[in-house]
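Asker: Spelled out from the first residue to the last, the chains are:
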Amino acid sequence: MAQPLVRTETDAAPVKTGGRWSRPRLGRGTPHANRRSLPARVWKERSAYVFLLPGMLIFSVFTLAAVAFAVYLTFHRWSIIEPDKPFVGLDNYRDMMHDERFTESVLNTVYFSGASVPLSMATGLLLALLVNLPLRLRGLFRTAFYLPVVTPFVVSAILWKWLYNGDYGLFNYYLLHAHIIDTPLLWLSDKNLAMPAVILMSVWAGTGFSMVVYLAGLQAIPQELYEAARIDGAGAWHRLRYVTIPMLRPSTLFLLVMGIISSLQVFTQIFVMTNGGPVNRTTTMVYYMYLWAFKYFDMGYASTLAFALFLMLLVFTALQLRLARQASGA
Amino acid sequence: MSGLDEGVALREAVPEALEPTPPARKPQNGNNQFGLRQKVVTYVVLAPLAILFLAPFAWLISASFQPMGEIFSSVPHWIPKDPTLEGYKGFLNVGHLTTFQQGQGHGDWRWFANSAFVAVSITVLQTFFNSLCAYCFAKRRFPGRNAIFLLFLATMMVPGQVTLIPDYLIVQHIPFFGGNDWLGNGGHGWLDSYWGLIMPGIVSAFGIFLLRQYMLSIPDQLLEAARIDGAGEFRIFRSVVLPLCLPALAANAIFTFQGAWEDFFWPLIIMSSPDKITAPVGLALFVVQNRTSWTLLFAGSVIATLPMIIVFIVFQRKFVQGIALTGIKG
Numbered sequence: 001m002a003q004p005l006v007r008t009e010t011d012a013a014p015v016k017t018g019g020r021w022s023r024p025r026l027g028r029g030t031p032h033a034n035r036r037s038l039p040a041r042v043w044k045e046r047s048a049y050v051f052l053l054p055g056m057l058i059f060s061v062f063t064l065a066a067v068a069f070a071v072y073l074t075f076h077r078w079s080i081i082e083p084d085k086p087f088v089g090l091d092n093y094r095d096m097m098h099d100e101r102f103t104e105s106v107l108n109t110v111y112f113s114g115a116s117v118p119l120s121m122a123t124g125l126l127l128a129l130l131v132n133l134p135l136r137l138r139g140l141f142r143t144a145f146y147l148p149v150v151t152p153f154v155v156s157a158i159l160w161k162w163l164y165n166g167d168y169g170l171f172n173y174y175l176l177h178a179h180i181i182d183t184p185l186l187w188l189s190d191k192n193l194a195m196p197a198v199i200l201m202s203v204w205a206g207t208g209f210s211m212v213v214y215l216a217g218l219q220a221i222p223q224e225l226y227e228a229a230r231i232d233g234a235g236a237w238h239r240l241r242y243v244t245i246p247m248l249r250p251s252t253l254f255l256l257v258m259g260i261i262s263s264l265q266v267f268t269q270i271f272v273m274t275n276g277g278p279v280n281r282t283t284t285m286v287y288y289m290y291l292w293a294f295k296y297f298d299m300g301y302a303s304t305l306a307f308a309l310f311l312m313l314l315v316f317t318a319l320q321l322r323l324a325r326q327a328s329g330a
Numbered sequence: 001m002s003g004l005d006e007g008v009a010l011r012e013a014v015p016e017a018l019e020p021t022p023p024a025r026k027p028q029n030g031n032n033q034f035g036l037r038q039k040v041v042t043y044v045v046l047a048p049l050a051i052l053f054l055a056p057f058a059w060l061i062s063a064s065f066q067p068m069g070e071i072f073s074s075v076p077h078w079i080p081k082d083p084t085l086e087g088y089k090g091f092l093n094v095g096h097l098t099t100f101q102q103g104q105g106h107g108d109w110r111w112f113a114n115s116a117f118v119a120v121s122i123t124v125l126q127t128f129f130n131s132l133c134a135y136c137f138a139k140r141r142f143p144g145r146n147a148i149f150l151l152f153l154a155t156m157m158v159p160g161q162v163t164l165i166p167d168y169l170i171v172q173h174i175p176f177f178g179g180n181d182w183l184g185n186g187g188h189g190w191l192d193s194y195w196g197l198i199m200p201g202i203v204s205a206f207g208i209f210l211l212r213q214y215m216l217s218i219p220d221q222l223l224e225a226a227r228i229d230g231a232g233e234f235r236i237f238r239s240v241v242l243p244l245c246l247p248a249l250a251a252n253a254i255f256t257f258q259g260a261w262e263d264f265f266w267p268l269i270i271m272s273s274p275d276k277i278t279a280p281v282g283l284a285l286f287v288v289q290n291r292t293s294w295t296l297l298f299a300g301s302v303i304a305t306l307p308m309i310i311v312f313i314v315f316q317r318k319f320v321q322g323i324a325l326t327g328i329k330g
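Taken in sequence, the protein lines are chains X and G.
For the first sequence, the UniProt record's numbering begins at 1 and goes up steadily by one.
For the second sequence, the UniProt record's numbering begins at 1 and goes up steadily by one.
Just so you know, these hints were derived from the structure itself, not from any lab.
Just so it is clear, CB atoms sit at the ideal spot from N, CA and C, and this is done for glycine as well.
Check the hints yourself; a few may be wrong.
As the list claims (entries may be wrong) - Among the chain G residues that face chain X by a calculated CB cut under 7 Å, a handful are:
| hint | residue |
| --- | --- |
| 1 | C133 |
| 2 | I202 |
| 3 | E262 |
| 4 | F264 |
What the hints assert, rightly or not - Simulated pairs of lysine-lysine, PhoX-like, Cα-Cα distance not exceeding 25 Å:
| hint | chain 1 | residue 1 | chain 2 | residue 2 |
| --- | --- | --- | --- | --- |
| 5 | G | K139 | X | K44 |
| 6 | G | K276 | G | K39 |
| 7 | G | K139 | X | K295 |
| 8 | X | K191 | X | K85 |
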């Protein structure tokens, strides 16, 4: 059919000739779309509003109102157990600036992110390069490396807490037997070892994800590039350095941003494995917020801490959103 | 929680590369480049790595069949000498329970039932409401659409931790529930109830965003044709739009289920009755409260992991289509 029998707003519009509808409103979007009056357009599309209603309701209460409420909380001393919830202006923010434990929690969080993100990305890249080779068992290997990603985080944390156990843990047992250490290490209660221990566990849990993203990236690199490099006399190392790694840039960027965002929010491992100890060495920002909200019951200060995290994340979430939009072609 | 699960969604969204039989590439870099020697070397590197990655799982499964005495022996046993089903029986509430056993968490099969109920509810409801909203944003033209959609996008940048505390207070003050009056005071609202676990999770800005991007590719003519055939707006959504985005819906549902099953922070803070908590919270509290029945704990960990592994194995191929949504094409 040359003329589809489709009734759309733009098709229907020219039918109405004469009167005020036909006058084009210059300068305001497409003239056709604005033909109808606002109430008429709302009425015509009323079912859309009905469809949106349940979602919007939940969204308004638990996200929009919640964000506004969070802002409100930061200006109040809001204790669950006390009836009085006075307005305190910027006191919470000022307290935060002078709170040494907060500073410590930021440093701990940065330590965690700074170590766990590059480590799991590097391991993931290495594994991806290996399991991308034409091996018969590579499907098996891929699944093996991906299994920790599928495991619930709490389970991984519990399991590793046992592995790190000073008396019965497998780490101490094998390290002692291999004569790498002489005395059992108290992994999670040693103030210098606790954070590395948590990081190691997180790398184990996250590497499979990096591997899969890198694998997808690797499989999208055109083989011709390698052929060309080979003709130019590039060895394996140079092909990796000058073809593979530059071509994986989008994957790397994605993993970096996602990794930073999720690692800055680390909580579960800390809660299960160390409780923020020893001497606050593993108290991360979210764990510190949790303490203030649900141990000391000061919702105002806890919300202020949450906003500090929000600020740290902002750059990365903005970047993430842009990546997501680019990727899905918006 | 809209902010929290976006990380999970992206984290889980990519296992395209896990496909056991990868596309076309095989013959290209197969024979001419990759000799027997390289193959052996690769296996020699990969095998120990895979063993390291899998060892914690092997230990978990083995230990879940070991009696307490064996778990706490000075030499770790990889094959249980004296296998027992005590741990599994404990959770599945088999036989008569002594008070001591109950105190140790025997009979807590409800944790898993709760997790299953909550995760399935959230998955079904969220898939439905997300797609309904996504459809309106993608295919309907109504006044206010862009403004509302921008609002959704903007809140995607807010991390879950910011809304966590206000949401806790909002849930506590839901009117008419849990002994609350119409102003939401006097009782505990949705705290410690399945309502509180499920309701905030039934829409996700991120899920809506991904589904919308997918729905944009549905040709308008299809919807118009249905409209001309006299289909109502909901009918169009149900019979034309939904069937066309099954892959996206499946991906959304899988990630939602995984996220809901693993979710830890939210159930941790709002649930308190031992018979209402979900599996991750139950297991974590088990550890944090220093209960000692590790046989039980390991068995519970295995039970909590199984659904994730089953979902992963069954839907492995569906994940492939999920990748198009997050768009990591390298």
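Asker: Each hint: holds or not?
Answerer: Results for each hint:
1. C133: Where the cut-off is 7 Å and the nearest Cβ of chain X is about 4 Å from C133(G), the hint holds.
2. I202: Constraint on I202(G) satisfied, holds at 6 Å.
3. E262: Status holds, d = 5 Å.
4. F264: 5 Å, holds
5. K139(G) - K44(X): 14 Å, holds
6. K276(G) - K39(G): Violated - the C-alpha atoms of K39(G) and K276(G) are around 52 Å apart, more than 25 Å.
7. K139(G) - K295(X): Distance ~47 Å between K139(G) and K295(X) Cα, so the pair is violated.
8. K191(X) - K85(X): Outside the cut-off at roughly 37 Å; violated.
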